[in-house]
Amino acid sequence: MILRALRKLFVELALPAILFTVLYLLSANSTNFYFPALSGVLKQFNALWLGPRFFADVLPSLERLTAGYLIACISGIALGIPIGMYAPLRRILEPVLEFFRAIPPVAMIPLLIVSMGFGNSMKITIIVAGSIWPILLNTVEGVKAADQVLSETCQTYGIRGMARLRHFIIPSASPQIIVGMRLGLSIGIVLMVISEMFAALDGLGSAIIYFQRSYEISQMWSGVLMLGIFGFSLSFIFRLFEKWALHWYYGMRDLERKS
Amino acid sequence: MGASLVLRNARFGKEILKLTTQKNAMVSVDHLNKVYESKERRVEAIGDLSFEVNQGDFTCIVGPSGAGKTTLLKCLAGLLKPTAGSVRVNGREVTEPPEEMAVVFQEYGRSLFPWKTVRENVELPLRERNIPKVERDRTVAAALKSVELDHVGDSYPWQLSGGMQQRVAIARAVAYQPKVMVLDEPFAAVDAQTRADLEDLMLHLWSELGLTLIFVTHDIDEAVYLGQRVLVLSASPTRILDDVVIDIPSPRSQAKTRIESRFAELRTRVYAGIQRAKTGG
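Chains P and W supply the protein sequences, listed in that same order. Numbering that gives the first Met the number 0 puts the first residue of the first sequence at 0, with every later residue one more than the last. Numbering that gives the first Met the number 0 puts the first residue of the second sequence at 0, with every later residue one more than the last.
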């Protein structure tokens, strides 16, 4: 058991390790200004991101993302459930929703800067405006696909109102809702960075832009590396959440595959 | 019909206790008619159905496929509104799913909540009735024991075989403590041996719990083996073709009952009814 786990870990880590080594060796004697040696980037990484910049830039970014993403999740699911449940509501709203979804949220940044200023609320609004759509639309689809027999089971056993929502509608839509949440998270990270690049005094996006403007290329690269680690860690945490929330779903699917 | 014993207060002649053996209709269907209408066409699923099921009876309903059995069941369960006529359960007209009725669906895989364990599935309807936790636990444990599944309470339904899943659905219906249990071809998708076991389980539960059972099936042998009475439905628009009293004494057994000559006679009569139904006679 332990042996198998170790082997799995080895397989998963092998390619990143090889890529890292290759890049490290290839870039060792780099004289290209824009692609500096990895060793230099790592040195900067160590000094900046494992130091004061972590609190000065990474945490503010994380706060904005968390706030925006949670608002997007809650409102996306809360709006998606009634839209998914009532066909007339869906017919009225679907064209409008498709239209708003089609507007790239980045296009709203200038407008939001004018109306909301440079503060956190503007950035949080951008994150919500972008990441709500996959969550909302997947919730609608998931709720719409609720099983007819289970629905009749609820009716015959007096499971209605909030109980029906809690024990039937939400769990049955949860695999699809979580797909939407995963898409929403990656969109949220992109928008967090872009909004910080437009207008911010701190945050990962603002730091990368700052280094670029002052031609501190190794520092800039270290910021990109930090952003990679940032996104990777969040998606790792998301995977843990997903495994916990959908353990029944994966268990059922694995069993179906085997048979 | 039926005898009754009445105790009266000696001086005023007022009834103080009335014991009666009169059988009450638990379910009565009166000139039920169901038409599905859409823009393109109009399908009359149920023509004109009237019958009564007495309290404590085990009634089987058989009919050829497409005989509107499921439509009938949904009307009984308050899941579909009749086009004309009425269904009464325990004296009240059915306009929504009646509280005293539990339903076991054919598609066991789709009627249990896959995100809930076996125990949680059985417990859920009781939670909505605000039954205290201690009593709920006791009821759930007893229901699981009655279908011999007390050892798998913490498993998920999808980890169990088809027959076991259907037993979970039956346990949920038992725990709900209904007056009437309605089953829609519950054993149509399980293998023969499991099916025989489940049939005996139904007979056992029926004799233990004193339920009124309405069992819809397309299997003639199953209907005759289980029921005290078999209603034979015609092809749609559905009418009742035959109403057969199954006078085979209880307890019944798979090994003996099925080779009795009376079983063969009744089976032949029901079979003839079904054949007539298919040819539209």
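Some clues are possibly wrong.
[Said to hold, decoys possible] One side of the interface only, derived from the structure: several residues of chain W facing chain P at Cβ under 10 Å: (1) A101; (2) V102; (3) G108; (4) R128; (5) P131; (6) E134; (7) R135; (8) I258; (9) F262.
Treat the hints as calculated values from the structure; they're not laboratory data. Just so it is clear, the structure is predicted and the values come from calculations on it, not from any experiment. For glycine and all other residues, C-beta sits at the position ideal for the given N, C-alpha and C.
Exercise for review: List, from low to high, the hint numbers that the structure doesn't satisfy.
Suggested key: Numbers 5, 6, 7, 8, 9 - these are the hints that the structure violates, sorted from lowest upward.
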